[in-house]
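Q: Work out the full structure: start from the sequences and follow the hints.
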Amino acid sequence: MEKINSNSRSQMAIASFRRNHVGMICLWILVILYGMAIFADFICPYSYKDEDRNFSYCPPTAIELFDHGQLVSPFVYGRTLTFDNVHRRVYVIDQTQKYPLNIFKNGRLFGVNAPGRFYLWGADARGRDIFSRIWYGARISLSIGLLGVGISFILGLLIGGIAGYYGGWVDSVLMRLCEMFMMIPGFYLMLALRAAVPENFNSVQVYLSVVVILALIGWASLARIIRGMTLSLRERDYVLAAKTLGVSDFVIIIKHILPQTISFSLATLMLTVSSYILAEAGLSVVGLGIQDPIPSWGNLLSDAMGIVPVIFAPWILIPGLFIFIAVMCFNIVGDSLRDAFDPMFKEGEN
Amino acid sequence: MMKHVIQRFCSTILLLLIVSFFTFWLMHATPGNFFDSMRLNPQISQETVARYEKLYHLNDPLLVQYGHWLINILHGEWGYSFYYNVPVTHVLGSRLFNTFILSFTSLILTWGIGIPLGIWASLRRNQWIDRLLSVFSFAAFSTPSFFLAVLVLYAASRWGALPLGGMHSPNYDDLSFIDKIKDTILHLIIPASVLSLASIASLQRIMRGNMLGVLRQQYILAARAKGLSETVVIYRHALRNAFNPLVTLLGYEFAALLSGAALIEIVCSWPGLGSLLLTAVRAKDVYLVMSSTLLAGVLLVIGNVLSDILLTLVDPRIRYGKNQLK
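Sequences listed follow chains V and P, in order.
For the first sequence, the working numbering assigns the number 142 to the initial residue and increments by one for each residue that follows.
For the second sequence, the working numbering assigns the number 2 to the initial residue and increments by one for each residue that follows.
Have a look at the derived ranges for each label pair, beta carbon to beta carbon:
hint	chain 1	residue 1	chain 2	residue 2	range
1	V	369	P	55	48 to 54 angstroms
2	V	450	P	38	26 to 32 angstroms
3	P	167	V	191	35 to 41 angstroms
4	P	130	V	308	42 to 48 angstroms
5	V	400	P	98	48 to 54 angstroms
6	P	130	V	152	34 to 40 angstroms
7	P	125	V	222	53 to 59 angstroms
8	V	450	P	55	41 to 47 angstroms
9	P	64	V	153	55 to 61 angstroms
10	V	227	P	47	47 to 53 angstroms
11	P	117	V	450	34 to 40 angstroms
12	V	227	P	55	52 to 58 angstroms
13	V	170	P	126	24 to 30 angstroms
14	P	232	V	179	56 to 62 angstroms
Hint data in this document are derived by calculation from the structure and do not stem from the laboratory.
Glycine included, each C-beta is placed from N, C-alpha and C at the ideal position.
A: Spelled out as structure tokens, the structure:
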């Protein structure tokens, strides 16, 4: 038999993926999002907990380039807080206060000197800069999906592999277990699991518990897919060969069977990351996920769950846009990857 | 068929038992119970708290407690909601009904819109309408449902014609029967349409894929070669076979709807099971959490069994029990 190596197949898949423009654009958007999250300390003008209650729900600050009709270096006007006739907060632009925009000062990309505040995308209820909080929140939201998927993936691969390889009662017990997890509506399971997490956890512990909760929800469907693939793979000659050579079952599963399923699982994985980002947002938005002051894209939106703040400060909806962009990119990249790895799937359409 | 249903029934009972024990264990694994807040209340004596704890067997070992709960459930005794201060059944009944209205409406919307759209897209494959629909689908299932709900509520607040959340107007009790229904439908529009949108998108994609798969089959070619009209080929020959796999989806669809409904219920303040569970989890109201999880599980099982039965009705090739492949 001619030597077939899986490497060339995945190289072909990667080449086919690179030809997919939409997929590549989305991949680059994701790279940029992760980059922004990693360099949040440098990019953001404020830290995530830097608050100024005098600027609660302050609208976005415009960058001014013209002073009395003349082009000058960028600056922002200060704002003074007044109340209108129904005692709503109104921020009036105060043209007497001018704060020049600092570039590369204090280790930050841009910012203005105190007492001026620079809110590129407005401020939240406690006068924290939403722009900064979005990028610090990206650290949580974007990493939680990856970590959760990592754990689900390992669980799903192992359990699916074991169930498919051994078959018989092991298979039926494990598959009933999977069905159990798939049967409970995800959000209900999340709430029930979250109920089990002590309330006095610190932020790192809460973060980890959210990761574990997400992982526990998602592994089952992956395990079922892997099991199906293993069922057919275990009948292959090379598995028989490995068995005859006396290779242990565990090594056969890990080294000979599971790698064959990787290409397919990779695409599923991308789609799972997006569902985890949504799940974290859902959990945080109702106040059961990441806790304030640590930002995540979900809990940044929890203010926006009441219609009243949204009407007066629509800019608090901006984090939702980022959830949308990240999830959409993961979906499209996952979809393009599946097309690339599985040309038959696409041919089925054409 | 009957044997299959019974088998299915038994395994789901087992499943429900495991799920309920799991939830029970989780609720008890956490430090503190509802009585902790009661104990801090100076108006309630410590003896009362102790009496309550004894009454609900809260100091017994976990298995004993679970046994008590299970026996009570079998007797139709669902326990007492400490938070609402009424028997759990009082709260659950109306909440269940509300969630059912919301999920059922969405299900009808999803299938009523998603399937025709899917067929349409498959017949106009790679034309602009198909491209548009696929962009729409990607956007729709990438939008967090709660975020979409807020956006729609925001738009509705500008427009002013639709009620912003809740299920009834304040003057609901004074309305006539017809007006009551009208009022509820008005309140239903926003949550139901937001809930359906993502499902419509995914159903549309699946239906399109199925249809394209079937249209490539040889019997379609044969039907066309016979000189049958395109309408007959598509709607009588192709559609029936493309439709079958979707029936299996119905059960899972139901799970997704319930789960999605929870967040939307919370945002749109729709008094359903999901928002109830959230309150119960926050208040550590054990019996309420147990009962709502169990109910959600039961709803799902019913959904799955129904879709199984429906599948045998729609697809005569499927016969459970007889020479069934592994």
